[in-house]
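Student: The primary structure of each chain is shown beneath.
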Amino acid sequence: MAPAAASLSQPGFWPLTLVLFIPALVAAVLALPILPRVRDESIRWIGLATTAVVFLLSLWMAVPWLFGGPGPGQFTPGAAGMQNVVKAPWIPSFNIEYLLGVDGISMPLVLLTTFLSMLAAAASWPIEKHVRAYWILFLLLVTGMIGVFVSLDFFLFYVFWEVMLLPMYFLIGVWGGPRREYAAIKFFLYTLLGSVLMLLAILMLYFASDVRALSDDQLLAAHVVSPALEGAERAAALTAIHSHATPIHTFNILALAEIGQSPGSPFASTSFWGMTLETWAFLLLLIGFVIKVPVVPVHTWLPDAHVEAPTPISMILAGVLLKLGGYGILRICYPICPGAGLSLAWLVCGLGVVSMVYGAFAALAQKDFKRMVAYSSVSHMGYVMLGLGVWSAVAGQQYQWESWAQGVNGAMFQMLAHGISSAGMFFMVGVLYDRVHHRNLEEFGGIFNRMPLYASLAVAIFFAGLGLPGLCGFIGEVLVTLSSWNYSGVLAVCSAFTVILTAAYILWAIQRVYLGAEYKGPHGDHLTPLSRRELAIAAPLVVFAVLFGVLPQLIFNYVTPTVNRQVEDLASWTRDVHDGGGTVVASAPAPAPALGDTTIAGGSR
Amino acid sequence: MNPDNNLGILLDATLRDTLGVSLPHFRPELCLAATVVLLLVCRMLPLLRLLDAGWVALGGVAVAAWFSWADCLRLSQSAWVGGGGDMLPGRIELFGGLLAFDSLSAYVRLLLVGFLILFILLTKVSGIPDREDGADFYALVLGSTLGMCLMASANHVLTVFMAVEMASVPSYALAGLLKGRKASSEAALKYAVYGAGAAGIMLYGLSLLAGVLGSCHLPTMARQLAALEAGMLPGGTALALAIGGLMVAAGLAFKLSAVPFHFWCPDVFAGAAAEIGAFLSVASKAAAVALLIRVAFGLGVPGLGPAHALEMVALGETRHYIAGLVALLAALTCTLGNLAAYGQTNMKRLLAYSTIAHAGYLMMGVAAAVALAGRDPQAARSAISAVCFYLGTYVFMNLAAFAIVALLRNSLRSEEIASYAGLIRTNPGLVVATGIVLVSLIGLPPLAGFISKFLVFSSIVQAVTLSAERPMMLVLLVVGGLNTVISLFYYLRVLKVMTFDPPPAERTAEAFPLVSIPGALVTALVVPVVSLGIFWSGLYTFARFAGAFAS
Chain B
1 MAPAAASLSQ PGFWPLTLVL FIPALVAAVL ALPILPRVRD ESIRWIGLAT TAVVFLLSLW
61 MAVPWLFGGP GPGQFTPGAA GMQNVVKAPW IPSFNIEYLL GVDGISMPLV LLTTFLSMLA
121 AAASWPIEKH VRAYWILFLL LVTGMIGVFV SLDFFLFYVF WEVMLLPMYF LIGVWGGPRR
181 EYAAIKFFLY TLLGSVLMLL AILMLYFASD VRALSDDQLL AAHVVSPALE GAERAAALTA
241 IHSHATPIHT FNILALAEIG QSPGSPFAST SFWGMTLETW AFLLLLIGFV IKVPVVPVHT
301 WLPDAHVEAP TPISMILAGV LLKLGGYGIL RICYPICPGA GLSLAWLVCG LGVVSMVYGA
361 FAALAQKDFK RMVAYSSVSH MGYVMLGLGV WSAVAGQQYQ WESWAQGVNG AMFQMLAHGI
421 SSAGMFFMVG VLYDRVHHRN LEEFGGIFNR MPLYASLAVA IFFAGLGLPG LCGFIGEVLV
481 TLSSWNYSGV LAVCSAFTVI LTAAYILWAI QRVYLGAEYK GPHGDHLTPL SRRELAIAAP
541 LVVFAVLFGV LPQLIFNYVT PTVNRQVEDL ASWTRDVHDG GGTVVASAPA PAPALGDTTI
601 AGGSR
Chain A
606 MNPDNNLGIL LDATLRDTLG VSLPHFRPEL CLAATVVLLL VCRMLPLLRL LDAGWVALGG
666 VAVAAWFSWA DCLRLSQSAW VGGGGDMLPG RIELFGGLLA FDSLSAYVRL LLVGFLILFI
726 LLTKVSGIPD REDGADFYAL VLGSTLGMCL MASANHVLTV FMAVEMASVP SYALAGLLKG
786 RKASSEAALK YAVYGAGAAG IMLYGLSLLA GVLGSCHLPT MARQLAALEA GMLPGGTALA
846 LAIGGLMVAA GLAFKLSAVP FHFWCPDVFA GAAAEIGAFL SVASKAAAVA LLIRVAFGLG
906 VPGLGPAHAL EMVALGETRH YIAGLVALLA ALTCTLGNLA AYGQTNMKRL LAYSTIAHAG
966 YLMMGVAAAV ALAGRDPQAA RSAISAVCFY LGTYVFMNLA AFAIVALLRN SLRSEEIASY
1026 AGLIRTNPGL VVATGIVLVS LIGLPPLAGF ISKFLVFSSI VQAVTLSAER PMMLVLLVVG
1086 GLNTVISLFY YLRVLKVMTF DPPPAERTAE AFPLVSIPGA LVTALVVPVV SLGIFWSGLY
1146 TFARFAGAFA S
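Note that the protein sequences, when read in sequence, are chains B and A.
Each residue of the first sequence is one higher than the last, beginning at 1 in this note's numbering.
Each residue of the second sequence is one higher than the last, beginning at 606 in this note's numbering.
A few of these clues could be false.
[Unchecked claim] In silico lysine-lysine, DSS-like type, Cα no more than 25 Å apart, as pairs:
| id | chain 1 | residue 1 | chain 2 | residue 2 |
| --- | --- | --- | --- | --- |
| 1 | B | Lys129 | B | Lys367 |
| 2 | A | Lys1101 | B | Lys129 |
| 3 | A | Lys787 | B | Lys186 |
[Said to hold, decoys possible] Distance ranges between label pairs, derived from CB positions:
| id | chain 1 | residue 1 | chain 2 | residue 2 | range |
| --- | --- | --- | --- | --- | --- |
| 4 | B | Ala240 | A | Leu838 | 46 to 54 Å |
| 5 | A | Thr1128 | B | Pro247 | 36 to 44 Å |
| 6 | A | Arg648 | B | Leu25 | 47 to 55 Å |
| 7 | A | Ser1016 | B | Val546 | 52 to 60 Å |
| 8 | A | Ser1142 | B | Gly69 | 51 to 59 Å |
| 9 | A | Gly948 | B | Ala245 | 47 to 55 Å |
| 10 | A | Gly785 | B | His437 | 51 to 59 Å |
Everything labelled a hint here was simulated from the structure, so no lab data went into it.
We put the CB at the ideal spot given by N, CA and C, even for glycine.
In isolation and in its complexed conformation, chain A is listed as follows:
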């Protein structure tokens, strides 16, 4: 054959793939990218400068949300309606295998973009950033979200790393947004240095894995790994793989703020504005959990169907390793987060440790899913669904918590827990809202946080009864249960200060009434926390759709 002709076919196929398959599934990301450009262009042109950057960003994100929703809908309809008991949503590889488009990426993407809408509304209400910084701020936020969307659909070592960096670098700048404040600059520097270190380690680990397995494409790597494990695995290779896995885990743990890579988290949250805390704690966490699922399932679970049965058996050791590593990190993260939260006097620091603890619960779900994958595909899927459901409720719980901190900061000029003393006298509605959010974070019924914990714990129980990792999963179950009890104390302490303690003498006015724009925002965030605790069937069906990605 003629080599020129060959190249032509290749180009033609690539073009067809890019234009016909990849780009139509990439519309939300394209929207985000276009909005970033638009924001920067607006800043340069004199007339367009009059436009408020926040509303421009909101418009762009709304279009992106519309596309994500349409993608979800199309995917769910194409799959479930197809008939047959076990029909599952399809999976498409985009851009020659760099990205995977399936129900998980569709779900997480919708979650991220939906969160962004609420987040932009919050920043408009709370007044950070000011008009001058607006364009920069929203460009950074949207750019970071774009990276997070890629994290959720990464299918290739290169995209794993690129996505993490795309999500992280704008975050470093966001952490230092409060210019001229020492704490803020320090937070940004600390975050950047930690981030750079973690990225380096992760890159090293990824290259080790890719080098040993001879591919960068995650499914191909899994096949190679299965082939290696099916034969005799030389000791050196196994060691290289284990160290590579450990290093990748370090990078992921940094994004998840998992112990022992969590040190940046409280400092950054305390130094940066509360709004940035909300962004990092919700969006960044959701994307990191999705990426963890991608990597863990990408390497350990080539597929849950009968077609992959042999490979699944061969990869038993790998899954044992992954599940053990994730479970260990989860148990440590959860316990340390909850214990360290005890001593905090600053609300943002307390929420930072609470975020760390919740990362632990989420990772427990992932560990259970990996442990179950070899035994019971159905149970593994429902474990992923539990994690996805958790992420869905977490958006509202944590955004509401940070929104309350931000709005109270505007009126009280303080983020210390002690300054909230006796708020119930002047702001009963707000205290009730805070109470609902914090109790939901503890995980008490009938609130959304309980359902999330219930689902994650039920997956761990299933892992105890079904999987090969019984002792490990039992330890995880006990740790999770005890952590729920000890977390009670510090969340309730905030409520105690707000309700039992006498208010300071100088406070007379109401911080803000519930019937106002900030009040309406808080209400809009708190209502789902209650209603998803009672009517959770809808979101759970959606989460099951996301959990079915590993078909």
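The following block holds chain B by itself, in its conformation from the complex:
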């Protein structure tokens, strides 16, 4: 075998590798000390061009029909399962691989990341201090974020997860507001604590895993043995695994999921101090992920970090970084530790609802505009947690297949919609702050008269955050709330009630900032209309906020098949493995159309 050459010829290799490493490569070139003194303006253009190229490349992958596809290396929407998997050996002695791939869950998130990175790059023009260093760190951050979404090897995932920390620390700590040092170290400490726990869980799972127990089909599906291998080579690779004398551990996330969902899974059968290994791993991973989401009570880094960070970094933080937590729970916690997920559903749902309500009340109490938006993120991400949590919902003895799928689809939609609306909200706050240099809600008012175009775009984005029907925030919230009815009426009532709180703090903010007779705060004469650059950032966000609200299928086309497949797998796992043969409720025979109805109904309401 010639693994290096073989991996280069995989169709997904170049697209995924380029999307992942172009930003880091440009950052490395910018960092070279021998580079002549480049003007700040040129560095900004280089940075923006890099993010634009990465965005276009990911668009080429994700939306093939725009480019006359689908061709090799492009993503087929509407298909479940991993596509364009890239597999190359990295550290053979630990079975660590350079294993990348995208599916309906990660592809939209990658696209969101590259899109928001491009907009944040455009929003970085006002950064005047140490421009070169800023852009180097910014581009490294982009590589880290994309890497987390496309990694299918747990070790690689962890590396990218940690790679994001240091750039973010400096981006907040050097370019942030007055309390930046405190905010930066707080962010770093919280996240590092979470990721150390995650590392322990990764190691526990690794040493408990053994791919020899998997069947040939599972080995191929999990890409432990590349399905691209043909005939004799494939048979030889499979035999080599099955006839291996000692256990073969793995970091392959897909293989770990197959092991976790197999009958007699080693994760469920070994236990420490009364809890199974999968419960320990689930809890450790969950702590790592919910710190990122963030969830009350580990959310306190978020208001500080978001408020102190410069505007483009706040956009990235709220738009992408928070999604990493939700993505981790969806991709890793549940499929690998289904038993723990089922028994701890109350924890995930409860955390979600607590953050939802707490975040909304906290937002209501804020005097600082940006802090209010930050708390709104805590509240909105609570929906994601609830939607993911009801996944394991059981009503009595019946498995609510449909509501699981509905909840997870809603959570995915909410993540993407929140990516658009929260980035937009932070940008809108930043536009005002750039002009009047304060964010005190009490001192605003009358912006509508002074900046009509800006104010109407801003109000549109804020309405999207509020969850107004017809805008992107609505669909996720409604699907999650509906799905949670079957899990717990109390939680559903709470989450429905939160919508009113959300409306309260957003409408109140709109009233205090944009409405009113005239602006009486400081620097009133600086309230100039939107520049063309700012318009170019705000307009796409508003367009997508409306588009996703009116045509949610745009997202569901990507998300639903993969999510449904995963939920179906877990539903049958619950039936066959966990309970050893209960019944899935009657609607199971025709799941896909039923779900399609729900989602379309949600969109047209």
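Dock chain A against chain B, hints included.
Tutor: Okay, now just chain A, sitting in the frame of chain B:
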């Protein structure tokens, strides 16, 4: 038989053993010894005095490095190519059992000699020692390294003690190298007094062990111990053994700067030149860890193969004792090192506490290896490999850190952290290099320090899942994880000062550009820190070779 004839046979065998077996495996040490003599001779002869001692030393060390490399290569080829799934590198006893030559000693020796090359280059660039002191300085450094090489291959109580002393005594003098500086002299005195005390305790412990077990040869001692434990162990004997072990641990802990024998470390590092700090923190530590493995495995693990199964079972209590002792010291050392580093304002003191903390992580790996030895030989070997890998990356991380301190001292005339304020304005390249080194010391990916920690933690996790010492190993795991988090704060504080804080008004010039000889040295040390974090397969294969010593 005729007694004369008997003596002749004995002499003949000894001669054959020495000339035919021992000396050919002893070439690096011989090179070091010859270079020391050469350095001293050069000093006496008028014409040769013109020679720069540094380059003479470098030449000698290069030859030693060549021999160590050749030994490693020969050993690895003779073993792995041999075929068979579990073929392991061989083990030869040198000088009638005084020393053991196996993959661990070959690996650590290469590490030490390789470090010495980089170290001599650093001293040439940083200008300490001056020309006058050169011959003394390098003679002391090489002599100390010779002792460290012996530490890594000690197989006999006598060599354990001799090697420790050979490594320590020159270090005392090195600590006082900055003549006329009060802090330096005080450091040297403190170091010498502590060292003498620790050596005395260790010698007492060694003689207790040797007396009870009736032998000085470590493998024989292990066999005796197994025989004792297999029968009824009288209470008094057990107590003597336990106290002896504790006393030996005290001596080793002094060399490792483990809590509670760490007090000398910050004072010596702060008082001595930064270059000496680098030498003590890297070479001395690597040798001490190797010696710890030698003693712990020498007494607790006669062998991992099926041939030793009975003895391994008999020695379960011993391993429990060793693992517990090392784990306790490791947890204390790591936590105290990290907590004490918080309050430091002097960079060398901060690095001293960082060294202490890293000794803790290394000892955690050793504790896991000892705990695993009875259950899973493969896992025990990989724990040793993790420690060896850690040592390999530690060479670059810590040497780079001290090199930066030394070079900044030359241009800023200060080693206070506060004096580094705002260096990013004038020296962006240097600050990036410092950042990489410190972040690697924290243990964040994709840098070498992360891989080291990852490997050590994975061994502890294995020990939690497999070994009999589950609660102890779990505590170790939690302590290690928490320590990683709290260590973040003080390393980042240095970076914060360098980047966030405004520079003092009087600083205008660049300390030194990255495109210069000092800059090239720093770059050469930092590049491995990054590349070993991404492409670590090569070094890990090598470390696995070293970890396979306990065959």
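Student: Against this structure, judge whether each hint is valid.
Tutor: Hints, one by one, checked against the model:
1. B:Lys129 <-> B:Lys367: violated, 28 Å
2. A:Lys1101 <-> B:Lys129: Roughly 16 Å between the alpha carbons, so the hint for A:Lys1101 and B:Lys129 holds.
3. A:Lys787 <-> B:Lys186: violated, 41 Å
4. B:Ala240 <-> A:Leu838: 46 to 54 Å: holds, 48 Å
5. A:Thr1128 <-> B:Pro247: 36 to 44 Å: With a Cβ separation near 42 Å, A:Thr1128 and B:Pro247 satisfy 36 to 44 Å, so the hint holds.
6. A:Arg648 <-> B:Leu25: 47 to 55 Å: holds, 53 Å
7. A:Ser1016 <-> B:Val546: 52 to 60 Å: holds, 59 Å
8. A:Ser1142 <-> B:Gly69: 51 to 59 Å: Violated: the Cβ-Cβ distance is about 37 Å, outside 51 to 59 Å.
9. A:Gly948 <-> B:Ala245: 47 to 55 Å: This hint holds: roughly 53 Å between Cβ atoms.
10. A:Gly785 <-> B:His437: 51 to 59 Å: Given range 51 to 59 Å: holds, Cβ gap about 57 Å.
In summary, the structure is inconsistent with hints 1, 3 and 8 from the numbered list given earlier, while agreeing with the others.
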